[in-house]
Amino acid sequence: MSADRQSANLRGLLGAEPVVATAGVGLFADALRDQALTVIEAEWQPPMEGTEGDLARVLADPRRAQANALAAQRMTASTATLVDVVQAKDAVGLERGTFLHAGPPLEWERASGPMRGALIGAVLFEGLAETAEDAEEQLAAGVFELEPCHHRDAVGPMAGVISPSMWLYELRDEVHDNMSWCSLNEGLGKVLRYGAYNDEVITRLHWMTDVLGPLLQQSVRSTGPFDITGILAQMLQMGDEGHNRNRAGSLMLLREMLPGLITAEGSSTDIAEAVRFSGANEHFFLNLGMPACKLATMAAHGIPGSTIVTTMARNGTDFGIRVSGTGEQWFTGPANTPEGLFLGDYGPKDANPDIGDSAITETGGIGGFAMAAAPAIVKFVGGDVPFALQATQRMYEITETEHPMFQVPILEFRGTPTGIDVTKVVRTGILPQINTGMAGAVAGTGQVGAGLVTPPEACFPAALAALAAAVDD
Amino acid sequence: MAAHPTTVELRKGAYHDSVTLMQVSRQVAGTEGILAAQVAMATELNVEVLTGMGFDVPAEAAPNDLVIALRGESEDALEAGRGAVESALAGLRSGGRAAAGLGEAPPPRTLGSAARAAEANLALISVPGQHAVTETFDAIQSGLSVMLFSDNVPVEDEIRLKDAAAQADVLVMGPDCGTALVRGAALGFCNVVAPGSVGLVAASGTGAQQVMCLLDAAGVGVSHCLGVGGRDLKAQVAGRSTKQALAALADDPETTSVLVVSKPPDDAVLADVEDVARGLGLDVHWAILGAGRPDLTAAVESFLAARGRTVPKWPARAAEDEPPISLNGTESASGQGTALRGLFCGGTLADEAMLVAGDVLDAPIRSNLAHDENLHVSGQQRVDGHVIIDFGDDEMTQGRAHPMIDPSLRLERIAAEAADPDCGVLLLDLVLGHGAHPDPAADLAGAIRAARDAAHTDGRSLPVVVSLTGTENDPQGYARVADVLADAGASVFLSNAAAVRHAVAQLPGGTR
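Sequence order for the protein chains is A and B.
The opening position of the first sequence corresponds to residue 1 in the numbering used here, with each subsequent residue numbered one higher.
The opening position of the second sequence corresponds to residue 474 in the numbering used here, with each subsequent residue numbered one higher.
No lab work stands behind these hints, which were simulated from the structure alone.
The beta-carbon is built from N, C-alpha and C at its ideal position, and this holds for glycine as well.
It is possible that some hints are incorrect.
[As the list claims (entries may be wrong)] Selected chain A positions facing chain B (Cβ under 8 Å, derived; list incomplete):
#, residue
1, Leu-14
2, Val-19
3, Ala-23
4, Ala-42
5, Ile-430
[Claimed, not checked] Interface residues of chain B toward chain A, partial, derived using beta-carbon atoms under 10 Å:
#, residue
6, Pro-580
7, Leu-595
8, Ala-605
9, Thr-609
10, Ala-659
11, Phe-662
12, Asp-724
13, Pro-726
14, Ala-909
The shape of chain A in the complex, shown without the other chains (with noise of 0.2 Å):
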């Protein structure tokens, strides 16, 4: 149609065929069509309330665009491989006396009955008290120390209370040289990080340490390391989103441990407990696949003008969040109380807000991000197919890359949406989408129920003011 020369300014534009987005009066996009021109319209809405100032500071850095590219690749290149099982005081340091907890900073007078639950728990698994009652007065007292797993690059799920005893999964990024670490799932029902600490959940922790642990140390360390990253990526083709659907992750992790079980030493009896335990607990992976995600996201972290989120995590009572680009500090709001499904005669009023490390796979780009994977989900978690579909696509409006190894097979293996960008949340009120276990709210009753929940809105507008006072003039 035009001449032999195209013009090469403003990227063509004048030689081309115009093809238009639109966002605002609806009118406009309409004046197009009846031009039968291309027109594809944003469904646009005000951001969440008081931010516009701070967004168009932010949007206008011009560090941002290539900070987050390249967070998104970072956290795209990361890979994890479970290196070795070691006791937490060697693993990272953990002093007697020192507990680490999911979430954010939280004090004990602020604890949900779950968190105070486990906490005791691991008080008393560690020989500090010998009551329940001793322990929650130590506890209340001041006497131990309280810290994020999150300050020592772990992760743990619900509670995730974590004592220097505990065995931990060590893994390990190569491309970027990171270390993570989370400690062994415990099954399902009555356990610590759902805030029960009766006898049984106190010996099944003893067993854990006493045998299971070192018999999973020999297992690594004779025919290890394993690529968590690679079954991370076809498990999601076979139907797990790697938060609370772990069942095809599980059996491979079994498979791929199960020869350095059989072989290691120790009784036979403890080696077919071991396996029937591991065997038998469909969220096996999820300790591993956290760390995975823990790792994912620590490569994109720290990277000046990144509006990338790198961690989600939740204490029970706060919700909180850090952001690429502003360092340590924790963008908190009060957490939310998962919607969904509850076991046996448990109800809504029986759940206690939004606890646990785990929301670390949706940071990472799987979780509730990749539930369009794993439609069986919803019988679990709540909701319909066409819910699980909508949620992924949802959070491609929210996130600023495609993940290349985490694929959907019913999107076409388009990859999941990876990277949460603050600025996104902000403008389109789009939360990100997270399932869930629920814990019951009073201390000692395990687990209730599992959901679906987001984080409270005002996370994001005070971490994108940080970014907005963080950019230069």
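Fit chain B to the known structure of chain A by using the hints.
Relative to the frame of chain A, chain B by itself:
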């Protein structure tokens, strides 16, 4: 009025654009028994309008709140009105886009996301001004040139956007850019003109529309019309977009000459831009609207002459002289007011009217466009003497659609002016083309007829002059609209300057 039941409801976080809400309001107002209906975002201007309509808007109303105000003949009618609001709003939600099937992607929510989904090369942004900078940065960073229709964008942000755009090799047309034509695509308010070799660079929307329509009437086609925003040639912005636009047009094989349409530029910026044009070897002409300079029609005439084209006789239809007014059988001595009242939708057309009328009128003109503090009035304010109001000015469009889309404020004002014995002539503009009201003639002709009848009943004559910017190929059709307006008793001119001169000449003892 107090006897009729009313309801005012505030809804948080229920945003819709002003054009959509105007349509909802109309739909609801048509409900039986509903006397008045306004569904609008609670901006300062809209709250003022609602208060003027006798509605009591809660003080906590904020610009992001949706306000639903109804007055009905009875409580039952009000209830029916509420139902109509619900179904109109629900209709918006189910308008094809909301219902996504299994596996269907939800609609994009940001400009960048939309651009990626369609591999767009051009963005049209018309979100409220305070949010426009964010969407525009997103578009620039996605590699799109932008037509930024939104107004109320601070000049510091404009500079940041244009610097980022230059770095990304894309163009920011705006802010407050109403008109652009890119390779045949009419963006915003734009007329349907023949393709040709004249490239327009426009720092003014309706100015560009006037120029492209005059060119079209002269048989001269346009290659592209690149908007740059009204402040681009001022000292602060320093011609950032103009220079980019000139470079692109210089490199465009379709374009052989360029006409820049602008308000008076900063002298240094003008010199700089002229240097740039020379360096590009570009044949650049200027249509600059300012005191002591030729009006747009004269500028187009010189441009045509310079290119060896004949200047045509511009379309004009003068109404017949008014018959003498007789009241109760006796001729009135004071049968016509003495003031010019110009009510415009096009900002540049209003500016030009100020300049052309100012040259020939003795008394000063008050206006919401006046720079002189003593002559500046709010667009909402009624004052004595000569008045020219731009209904498209920033203060008049906060949370409201542009008057080219939603003529209601101006229609009300026409009726108010007609009732004023001081008003000697009504000067109006009407701009056709894409983006503008699909059938503006009916409403305006009705208002003109009503205004003239009201004046006549009052014993006065009231000439009405319309500056009609448009082309025969516009969706509304120039001749059809001109016929309807002429039938209502108006004089109709394609040349805005000619319309202004004719209007002034209608004043009793008017300067000729």
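Results for each hint:
no., hint, result
1, Leu-14, "holds, 5 Å"
2, Val-19, "holds, 5 Å"
3, Ala-23, "holds, 5 Å"
4, Ala-42, "holds, 4 Å"
5, Ile-430, "holds, 7 Å"
6, Pro-580, "holds, 4 Å"
7, Leu-595, "holds, 5 Å"
8, Ala-605, "holds, 8 Å"
9, Thr-609, "holds, 9 Å"
10, Ala-659, "holds, 6 Å"
11, Phe-662, "holds, 9 Å"
12, Asp-724, "holds, 4 Å"
13, Pro-726, "holds, 4 Å"
14, Ala-909, "holds, 9 Å"
Hint compliance for this structure: no hint is broken.
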